[in-house]
Every structure is written in C-alpha cells, then in structure tokens.
Amino acid sequence: MVTLNVNGVECRYGSAKILSDINLEVKPGDFVGILGPNGSGKSTLLKSISRVLKPHGGSILIDKDDIYALKPIDVAKKMAVVPQDSAVGFNFSVMDVVLMGRNPHLGAFQMESPKDVEVARKAMELTNTWHLAGRSIHELSGGERQRVIIARALAQEPKILLLDEPMSHLDIINQLEVMDLVKSLCIQSGLAVLAVIHDLNMAARYCNAVLMLKNGTIFAAGEVEKILTSENIRSVFSVDALVRKNLVTNSLNIIPLSPKKASTEKKCAIHLICGAGTGTMLMKTLVDEGYSVTAGVLNQLDSDYEACEMLKIPVVSEAPFSAINDETYLANLEMICNASMVVLTSVPFGLGNLRNLDATKEALQRGIPVYVIDEVPIESRDFTGGRATALMRDLKVGGAVFVKHPSDLPSLLNVSKDKLAGLLEHTALTGHVKDG
Amino acid sequence: MTGTVETTYKKRSKRWKLTLTTLVIALFVTVILSLNIGYAPISFSEILAVLGNQIPVLNGGIDPNSFTTINQAIIIDIRLPRILAGVIIGAGLAAAGVLYQGVFKNPMADPYVLGVSAGASLGAGLAIVFGAGLSFVGFPIVPTSAFIAALITIFVVYNISRVGTRVPEMTLLLSGIAITIFLSAVFHLLQVIAPSSQLHALVYWLIGGITNVTWSAWWSIFPFILIGIILSYFFSRDLNMIALGEDTAQHLGVNTERTKKILLALGAMMTAAAVSISGLIGFVGLMIPHITRLIIGPDHRILIPASVIVGAIFLVLCDALARIATGAAELPVGVITAMAGGPFFIFLLRRKKLSYRM
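Chains as they are written, first to last, in numbering that gives the first Met the number 0: chain L, 0 to 435; chain A, 0 to 357.
Derived by calculation from the structure, the hints in this document are not laboratory data.
Since the structure is predicted, the reported quantities are computational estimates derived from the model, not experimental observations.
For each residue, glycine too, the CB sits at the ideal point set by N, CA and C.
Accuracy of the hints is not assured; some may be wrong.
Pairs of lysine-lysine, BS3-like flavour, derived with a Cα cap of 27 angstroms [what the hints assert, rightly or not]:
| id | chain 1 | residue 1 | chain 2 | residue 2 |
| --- | --- | --- | --- | --- |
| 1 | L | K70 | A | K16 |
| 2 | L | K283 | A | K104 |
| 3 | L | K26 | L | K70 |
| 4 | L | K76 | A | K260 |
| 5 | A | K260 | L | K53 |
| 6 | L | K182 | A | K260 |
| 7 | A | K260 | L | K121 |
| 8 | L | K53 | A | K104 |
| 9 | L | K26 | L | K158 |
| 10 | A | K260 | L | K114 |
| 11 | A | K10 | L | K70 |
| 12 | L | K76 | L | K16 |
| 13 | L | K213 | A | K13 |
Stretch by stretch, here's where chain L covers chain A in the computed footprint (C-beta under 8 angstroms, at least three residues) [to be verified]:
| id | segment |
| --- | --- |
| 14 | 17-29 |
| 15 | 44-55 |
| 16 | 280-290 |
| 17 | 305-314 |
Which bits of chain L does chain A cover? Going by a derived footprint, with three or more residues having C-beta under 8 angstroms, they are [stated by the list, open to error]:
| id | segment |
| --- | --- |
| 18 | 63-75 |
| 19 | 93-100 |
| 20 | 222-230 |
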C-alpha cells in the first residue's frame, strides 16, 4: 500500500510558470482524475510525477520518499505509467514489450524467468491482448497497442498507476473494459490511480475524486459530484454543459453544449410555449442567434425547465406535476405580451398544461404573431379528449403560422426586426412587432 | 499459437546461446579460410600446423618440418594481424552502430552520421601530420588523438542538439551532419597544408584500410574495443527500453540521461579505435546492426553480441575479397564493404519489410 503526495509543486518553462502550487494526495484505492483544457498543465503535472520533468519547487513523495531522490528503478518498482504516445522504435514483439514491464524487478544480467513470463501473460489476459503475444508491436492498431502498453504497466505490478489520457485511441467497448479493469484493480488490490482524462463523463463515472486544472493551478478539487458542476465546467472549459445524474450508471452525466456564438445584433423577443424537452434545442438556437427568449408555463423538473435554468431564460413555472393555476397563467400571459411573437412547440397536451393553449390563443387575439411547430399531429399528442385539438384548430383559423419542423423556424426568423415586420405583413398577418 | 509463444520465451535464453555459438564457429571458420587467401599459396595443413605451433599445449605434437619459416612469417606476422584487425574493427564498428541506433532509435544513426567518424579521423589525421612518432603517456598518439577528437565531437554534437535536459533525435542528427561537414572541411584543409613528407602517410592511412596492420597497432586498439563491447552489453536491456521512448524507459527504471551519455562515449571510443588504424570504413556501423536486427530481432541482449560477430565476419570476408579481387594490387576494404553490403541490405529490406522474428 503506497500513497502518492504532491506538495506545492511548481514548474516553469523559461520564465513562464506552467504549474504552481499543486497539492494532491492519492491513497491506495483512490481513482483520481486530472481534468482541464488543453494547455492547463495536465501533462506537465503527470511528467513531474512520473520523474521525467523535475519540478522547480515543491516535492513529490511516494510514501514519504522524494521520487527525485530515489533511483529510477526504485520508483519503477512502485509506480507505472501509461503514456499518451506509445510509438515503439524497433520491431519488438508484443511479448517483448510487456516483458519489459518486468525490468524493475530483474537483476542486472538476469533473464526473465518463467515466473516473469507468467506475470506478463496474466497482465495480457486482463487487457485482452494475450492472443497478440507473438505479433509485432508495429502490426497492431492504435487501440491494441494502447492495451498492450497498459498490460506492460500492469506487468510492473505497480502500487501507483499514472495514466495520460489512456483512452484516446480506444473504441467505446475497449474504453469501458480498460476503465472497468483499472477500477477493479483500484478496489480489489488497492491500486492508487491518477489519470489525465479528457472525457468528463468517463471521469464522472470512474473517478472518486477529480481535480480541475486551469492555467497551471488547481481550480477545484474534491469529490466528483461536488467538482463536476456546470459552473465549474463553464469556468474551466468555457463551455456550457448540462450536468445530470444518470439513473442507470448512478454517475453524473455531462452534456456539453456547443460554444456560444457571440450574437452580433440584438434581435426581438420570442416567447416559447413548450415542455417535455420539445423546446430545449430551439431555446439554445434562439439564444445563440441573439433573440431574447422567454418561456412558460413549465413544470419544475421538466427538462425544458432545466434547460431554461441552464440558459438563464426567464420562465414562468408551476410546481412539479401540478396543473397551471390562475396566477401562473396570468404571469405567463404578461410575458407573452412583452414578446414580439410566440412559438408553440409540438408539446403533448394534458389537462395540466392545456391552459398554455388558451394563452396562445389569447396572444393571437391580442395581435401577437404565433408560430406553431406542427411536427407531430395534434391528434396523437392530445390527452385532453379533443379539447387541445379544437384549440389548435382555433389557432389555425386565427392566423397562426404552421411549420413542419423546428429548423424551418430560425431561417424564417433570421431577419432583422424591420424586415420581420414586413414579412409578417406579407404573410397577411394582422398585428405588429413589438420591441424585443 | 499463444501457448507456443510462452514456451518460446521460456526457452529464449537457450536459443540465444545456440545462435551465438553458431556465429562464433562461423567466425572461426571464416578466419581460418581467409588465412588461406593471399598472394603466396599456402596449404590449409600448413596453416593449421603454423597455428597449432603457436599454442603451447599443442606444439609438442606438431612436426616442425610441416611448415616453412617463410610461410610461418607470412601467416603469423602478415595475414593474422590483418585478419584479426578485420575481426576487431568489424566488431567495434558494428557495436558502435548498435549503440547509436539504439540510443537514437533511428536506423540512420551511426558513427558516421553523428560526426564521430569524422572527428576520429580528423584526430588521427592531426596526429599523423603533426605528431609522428610521439606517444601520449605510453599510448600511441594516433588512436589516442582519434579517441579524444571523437569524444569531443560527440560531446559537442550532443550539447548543440540538447534542448533543456533532453536530446531530441532530430536536432541531434542535424547537428551531427553539420559537424561532419565542418570536420571534413578541416580535414581537407589538413591535406592541403600537410608537408609532403607527412602527406604520404596521411593518404596511405586514409585509403589504407587494414592491409598493413602490425601486431603492435592491433594491440593498441584491441583492449578499447573489447572493453567497449563488454560495457555496452551491460546496457543491453536499457537499450531495449529506450527503444520504447526515453520517457517510457525512465518509467521502467532506466536512468535515461546517464545511460545515453555513457553509451555515446563508448560508441566514440570504439569508433576512434577502429578509425585510428583503418581509416574510414563505411557501411559496417550503419548496416550490420540493421541486417542483424532483421534476422534475429531487436532485443539488444542478443543484438549486441550477434552484431559484433556478424560485423567481424563481414569485415574479414570483405578483406578476403579485396585480396582476391584484383590480385597484387589490393582494393581498400572500404570499397568492398560498401559495394558488397549495399545491395545485400536493399535485398533484405525489400524481402523482410514485414517481418518479425525473435
């Protein structure tokens, strides 16, 4: 059982600080992920810890011994590294490469004994590479080679395993198998694992702690659920992401959204009537395009509601699983009146949200243009015994514009405010465009 | 299939011993056969009698009338030193080639590409032109000067190409080429300014190959090459791991930077020893390790000793060919090594592009 301690490590390249004040501890059985954008110092940190790049300050200890005071061979007895780039200079066989993992345990002129061959075979069986043993390392695919390199690291029988983006060459099944393997070694044999991971979902799924690097310092560190928040992800990676608990894997699910384009012009205000996820994509698109978006009425916990929270969209909300009451109905109507137009998505209607259709009809009557996305026929999503269908018919009669697909909408709207007014006149709609 | 792999690996050590034994026998046979080659016809029985007579345990049983004194002189004082020079120079150049190719993970790396040969020959040339007859604390001046110059060259090349604490292969090869061009220019200058009395010795050495090697010249380089080979072998497993990348070697417990420095110096030592008596002999350092690797695989624990013996056999054969080819007017062995080795190497490369054998 070996513990890795990193105390106040600092690395410079010339006068530029690459890393400063890095502290971390990896105990037996820990699986710690290092996260951060490109250039945040992840690889430098791993190089320091793997005794390749001596830090300018601070210390790295394996069980209280400074690794730079130990001989490389004594470090290699306790710590194995799976590097990102695993190109091999000469035409070694897979078996040769894995047997090299036994080097720290061999004497100066000792040949690998049958026992070492056994250790190598077990490592290869664990990583599903034993069938490749006699092949040349150059004949393997990137994924196969990566698994061979992991087998070599396991053949070292390490107490600490460092992984530098271990999955960059692996397909999904191999990613899962390799991570499951490493995790099980963590749990069963008390292996301490420190891994640079790009895939936030993999980190969330396998790590029990993560540290986020930003500009060479630790931005946040601790338990996965406390660190992998959309706020932290936005601060470190400059990306908006939805973070949810996945009920199947019981780990966090991180869904990154495309980076926001800076909208050049302020466009008009659009009110969305949606629900059950039918409006999420549209919200994101409209916000990215520069429209001011509002939404309502949505039940709390509805996925569209969560999207509104994410995107900071003003929303009128109702308690979970509750029908729209007078108060929320009126609040929604007020929001509608402040918008230039209303967009109605193909949301299913039940008695709980039927009043949203009343509000839409009201909007039309007050002269606010209404666009209806009629992707799914109303009959198949009407759970009100025909009342929603009737209201929808009223909307059509009242002059609402029906489109077949949400993607038709932005192009229809992709015009300046003045042109939008003209367009609406042209389509023989009464009403006017209000300021956004 | 994989069961076979396991058995193969468990018996690997035995197989390597067999390979080396075979190669050593082949070397002996090559040496004996090439003793038979030369201007004066001497029969095998006479050669064997002369050789037997040199071995104290056997000489009682050998009839002193079975060979002539002249033939004994030809065998012992002319042919044998020359052939054994082929053995030791072929071995040394091949070993230096293995080290440089291993350290730089590049089949193009060899003493010549890195400028070590040029450094050694400039050192030897300077000693021939300006230091004739001198000696350096008991060591003959030519190999000593060659070694010092080779060591300085590899040190300069290494430091020019160093970035931080690491030596990227690319900058190393480029600076090796630049240094080679520079040193060759200095050598040409040396040829121009050398007094005519020394110019003859310089040209004679430059082209000479191993035609006129004496026992004393042989003994002056033998210990350096022998020690170089033995020390190189100490690092054979480290070289295997360096082939996986320098960082990886470090992760597997190799003190990469120190090992690299030692191996570069050993390569310089063996190259200088060889160059100081033979002049430049191309191909051996570059191609022999490469060919040997294609045949027996990349593991340096077998590659170093096997390349050493293959290099020795190769140079002895080339020298024998040089003696036969043009009768009395013998070709420099360097011409033969290049002409014989090049096509063979291309043939192997084309045929075995794919291959891996242990």
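Hints and how they fare:
1. Note on K70(L) and K16(A): the hinted pairing is violated, with a Cα-Cα distance of about 32 angstroms set against a maximum of 27 angstroms.
2. Annotation: proposed proximity of K283(L) to K104(A) is violated, straight-line Cα distance about 52 angstroms (limit 27 angstroms).
3. Among the hinted pairs, K26(L) with K70(L) is consistent with the structure: their alpha-carbon atoms are about 22 angstroms apart, no more than 27 angstroms.
4. Proposed proximity of K76(L) and K260(A) is supported: the alpha carbons are some 24 angstroms apart, at most 27 angstroms.
5. Taking the CA atoms of K260(A) and K53(L), the gap is about 19 angstroms. The hint holds against a cut of 27 angstroms.
6. Taken as a hint, the K182(L) and K260(A) pair is broken in the structure, with Cα atoms around 40 angstroms apart against an allowance of 27 angstroms.
7. Between K260(A) and K121(L) the CA atoms are separated by roughly 36 angstroms; this puts the pair beyond 27 angstroms, and the hint is violated.
8. With a C-alpha separation of about 24 angstroms, the suggested pairing of K53(L) with K104(A) holds against the 27 angstroms cut-off.
9. At most 27 angstroms may separate the alpha-carbon atoms for a hinted pair to count; K26(L) and K158(L) meet this at roughly 10 angstroms.
10. Straight-line distance between C-alpha atoms of K260(A) and K114(L) comes to about 33 angstroms, which puts the hinted pair past the 27 angstroms bound.
11. A distance of roughly 31 angstroms separates the Cα atoms of K10(A) and K70(L); the hinted pair therefore is violated under the 27 angstroms criterion.
12. Proposed proximity of K76(L) and K16(L) is contradicted: the alpha carbons are some 31 angstroms apart, above 27 angstroms.
13. At roughly 55 angstroms between alpha-carbon atoms, K213(L) and K13(A) are farther apart than 27 angstroms, so this suggested pair is violated.
14. As drawn, the segment 17-29 of chain A meets chain L at 0 residues by the rule of a beta-carbon pair under 8 angstroms; below three, the given contact is violated.
15. Coverage of the segment 44-55 of chain A by chain L is violated. Counting CB-CB distances below 8 angstroms, 0 residues qualify, and the rule asks for three or more.
16. Beta-carbon proximity to chain L at under 8 angstroms applies to 0 residues in the segment 280-290 of chain A; the threshold of 3 is not reached and the given coverage is violated.
17. Given a C-beta distance limit of less than 8 angstroms, the hint that chain L covers the segment 305-314 of chain A is violated, as 0 residues qualify and 3 are needed.
18. Residues of the segment 63-75 of chain L lying with their CB closer than 8 angstroms to a CB of chain A number 6, which satisfies the three-residue condition for coverage.
19. Figure legend: the segment 93-100 of chain L, annotated as covered by chain A; annotation consistent (6 residues with Cβ-Cβ distances under 8 angstroms, at least 3 required).
20. For the segment 222-230 of chain L, the stated coverage by chain A is not satisfied: 0 residues place a CB nearer than 8 angstroms to a CB of that chain, which falls below the threshold of 3.
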